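Here's the letter readout for the chains.
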Amino acid sequence: MGFTALAVLDRAYRGAVEGQYFDALYGVQEFHALLGRIDLALRGLAVTLAAPEGGYRPALDIGQSTFDTLPDYRGSVQRMAEEGIVVMADEGDLVRLGFDPAKVVPGVQVVDTTELATRWPDYDGVWFL
Amino acid sequence: MGGTGLGAAVPATAPAPARPRRGTRHWDLLLIVTGAPYGSDMLTTALRLAQAVLRRGGSVRIWACGYTTMVTQTHLGELKPPNLRHPDRPYPSMPTVVRQLLAGFPGQVGWIGCTACSGERGATHHIEEVRLRSPARFAQTIAASTRTIFIGGA
Numbered sequence: 004m005g006f007t008a009l010a011v012l013d014r015a016y017r018g019a020v021e022g023q024y025f026d027a028l029y030g031v032q033e034f035h036a037l038l039g040r041i042d043l044a045l046r047g048l049a050v051t052l053a054a055p056e057g058g059y060r061p062a063l064d065i066g067q068s069t070f071d072t073l074p075d076y077r078g079s080v081q082r083m084a085e086e087g088i089v090v091m092a093d094e095g096d097l098v099r100l101g102f103d104p105a106k107v108v109p110g111v112q113v114v115d116t117t118e119l120a121t122r123w124p125d126y127d128g129v130w131f132l
Numbered sequence: 002m003g004g005t006g007l008g009a010a011v012p013a014t015a016p017a018p019a020r021p022r023r024g025t026r027h028w029d030l031l032l033i034v035t036g037a038p039y040g041s042d043m044l045t046t047a048l049r050l051a052q053a054v055l056r057r058g059g060s061v062r063i064w065a066c067g068y069t070t071m072v073t074q075t076h077l078g079e080l081k082p083p084n085l086r087h088p089d090r091p092y093p094s095m096p097t098v099v100r101q102l103l104a105g106f107p108g109q110v111g112w113i114g115c116t117a118c119s120g121e122r123g124a125t126h127h128i129e130e131v132r133l134r135s136p137a138r139f140a141q142t143i144a145a146s147t148r149t150i151f152i153g154g155a
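For the protein sequence lines, the chains are A and B, in the order given. The opening residue of the first sequence carries number 4 in the working numbering; numbering runs sequentially from there. The opening residue of the second sequence carries number 2 in the working numbering; numbering runs sequentially from there.
Don't take each hint at face value.
[Stated by the list, open to error] Quick list of in silico lysine to any residue cross-link-like pairs, SDA-like style, CA-CA up to 25 Å:
#1 B:81 - B:122
#2 A:106 - A:14
#3 B:81 - A:73
#4 B:81 - A:30
#5 B:81 - A:24
#6 B:81 - A:29
#7 B:81 - A:15
#8 B:81 - A:68
#9 B:81 - A:36
#10 B:81 - A:34
#11 B:81 - A:77
#12 A:106 - A:89
#13 B:81 - A:17
#14 B:81 - A:59
#15 B:81 - A:63
#16 B:81 - A:78
#17 B:81 - B:101
#18 B:81 - A:66
#19 A:106 - A:81
#20 B:81 - A:61
#21 B:81 - A:71
#22 B:81 - A:32
#23 B:81 - A:69
#24 A:106 - A:59
#25 A:106 - A:56
#26 B:81 - B:37
#27 B:81 - B:46
#28 A:106 - A:51
#29 B:81 - A:60
#30 A:106 - A:75
#31 B:81 - A:82
#32 B:81 - A:64
#33 B:81 - A:70
#34 B:81 - A:37
#35 A:106 - A:88
#36 B:81 - A:67
#37 B:81 - A:33
#38 A:106 - A:122
#39 B:81 - B:120
#40 B:81 - B:40
FYI, nobody ran anything at the bench for these hints, they're computed from the structure. Note that the structure is a prediction, hence the values are computed from the model and not measured.
So that you can see chain A by itself, here it is in the shape it has in the complex (with noise of 0.2 Å):
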């Protein structure tokens, strides 16, 4: 196997307009691909885009026109884990932030904090997301 990674994921929401699809998760998507295994960890604000969200639709009205390439987190999410990226997610934030760590988007680990520090070895770098 090739260089791995963790890569850990705070801040979530970096400018839908601008950013669509190029996002933290398209990127952690690309390095995957190009690299051998990045793992994606989403702590703090970021478990949000693991927990299930039914009322959001990835477009936006502008002048008289419908754009409909903003991202959609949670879909990148779940396509990351179908496709064999490790997604994890802090149970801690989830609890913080009022979620329930048994319903989160399918395929997504929820990982004890410490838990989740103490992996850190096993990769060849942690990154910073």
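Since the structure of chain A is already known, use the hints to place chain B on it.
For chain B alone, kept in the frame of chain A given last:
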């Protein structure tokens, strides 16, 4: 005693609030957007807010300051670079988004680019729809709006 070369001395008393010139157009809302794009959903929020006011028939002016001046640069083109995971799908660039906003509500919305912030960042090639304005006209622009919302950091 020589001068410092750093500019004029601060006046002892605060200047009187700016008043719009006679005949100056009045706007319902001025959005001063100063924070950096790609760092938060600040710009998305500002655009949603502008769209909502425009849909209700109001008039909106957006003063793009700081790194927000980068989003209307001509070299960004009409489309973003290809998404390698969906290479056939077009994604509009920010200049295209701004153009759509302005074209969608003719006469109701204006986009101002701050000349000082643009110059500081080398962001001096705005799309032609952007009106450039010196920060010296900041107070006058605020005075020409019923409401002003300042969004973002320096």
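Outcome of the hint check:
{"no.": "1", "hint": "B:81 - B:122", "in the structure": "21 Å, holds"}
{"no.": "2", "hint": "A:106 - A:14", "in the structure": "21 Å, holds"}
{"no.": "3", "hint": "B:81 - A:73", "in the structure": "12 Å, holds"}
{"no.": "4", "hint": "B:81 - A:30", "in the structure": "16 Å, holds"}
{"no.": "5", "hint": "B:81 - A:24", "in the structure": "10 Å, holds"}
{"no.": "6", "hint": "B:81 - A:29", "in the structure": "14 Å, holds"}
{"no.": "7", "hint": "B:81 - A:15", "in the structure": "21 Å, holds"}
{"no.": "8", "hint": "B:81 - A:68", "in the structure": "17 Å, holds"}
{"no.": "9", "hint": "B:81 - A:36", "in the structure": "22 Å, holds"}
{"no.": "10", "hint": "B:81 - A:34", "in the structure": "20 Å, holds"}
{"no.": "11", "hint": "B:81 - A:77", "in the structure": "22 Å, holds"}
{"no.": "12", "hint": "A:106 - A:89", "in the structure": "17 Å, holds"}
{"no.": "13", "hint": "B:81 - A:17", "in the structure": "16 Å, holds"}
{"no.": "14", "hint": "B:81 - A:59", "in the structure": "23 Å, holds"}
{"no.": "15", "hint": "B:81 - A:63", "in the structure": "17 Å, holds"}
{"no.": "16", "hint": "B:81 - A:78", "in the structure": "21 Å, holds"}
{"no.": "17", "hint": "B:81 - B:101", "in the structure": "15 Å, holds"}
{"no.": "18", "hint": "B:81 - A:66", "in the structure": "19 Å, holds"}
{"no.": "19", "hint": "A:106 - A:81", "in the structure": "13 Å, holds"}
{"no.": "20", "hint": "B:81 - A:61", "in the structure": "17 Å, holds"}
{"no.": "21", "hint": "B:81 - A:71", "in the structure": "14 Å, holds"}
{"no.": "22", "hint": "B:81 - A:32", "in the structure": "18 Å, holds"}
{"no.": "23", "hint": "B:81 - A:69", "in the structure": "17 Å, holds"}
{"no.": "24", "hint": "A:106 - A:59", "in the structure": "17 Å, holds"}
{"no.": "25", "hint": "A:106 - A:56", "in the structure": "11 Å, holds"}
{"no.": "26", "hint": "B:81 - B:37", "in the structure": "18 Å, holds"}
{"no.": "27", "hint": "B:81 - B:46", "in the structure": "20 Å, holds"}
{"no.": "28", "hint": "A:106 - A:51", "in the structure": "11 Å, holds"}
{"no.": "29", "hint": "B:81 - A:60", "in the structure": "21 Å, holds"}
{"no.": "30", "hint": "A:106 - A:75", "in the structure": "18 Å, holds"}
{"no.": "31", "hint": "B:81 - A:82", "in the structure": "22 Å, holds"}
{"no.": "32", "hint": "B:81 - A:64", "in the structure": "18 Å, holds"}
{"no.": "33", "hint": "B:81 - A:70", "in the structure": "13 Å, holds"}
{"no.": "34", "hint": "B:81 - A:37", "in the structure": "22 Å, holds"}
{"no.": "35", "hint": "A:106 - A:88", "in the structure": "19 Å, holds"}
{"no.": "36", "hint": "B:81 - A:67", "in the structure": "20 Å, holds"}
{"no.": "37", "hint": "B:81 - A:33", "in the structure": "17 Å, holds"}
{"no.": "38", "hint": "A:106 - A:122", "in the structure": "23 Å, holds"}
{"no.": "39", "hint": "B:81 - B:120", "in the structure": "24 Å, holds"}
{"no.": "40", "hint": "B:81 - B:40", "in the structure": "17 Å, holds"}
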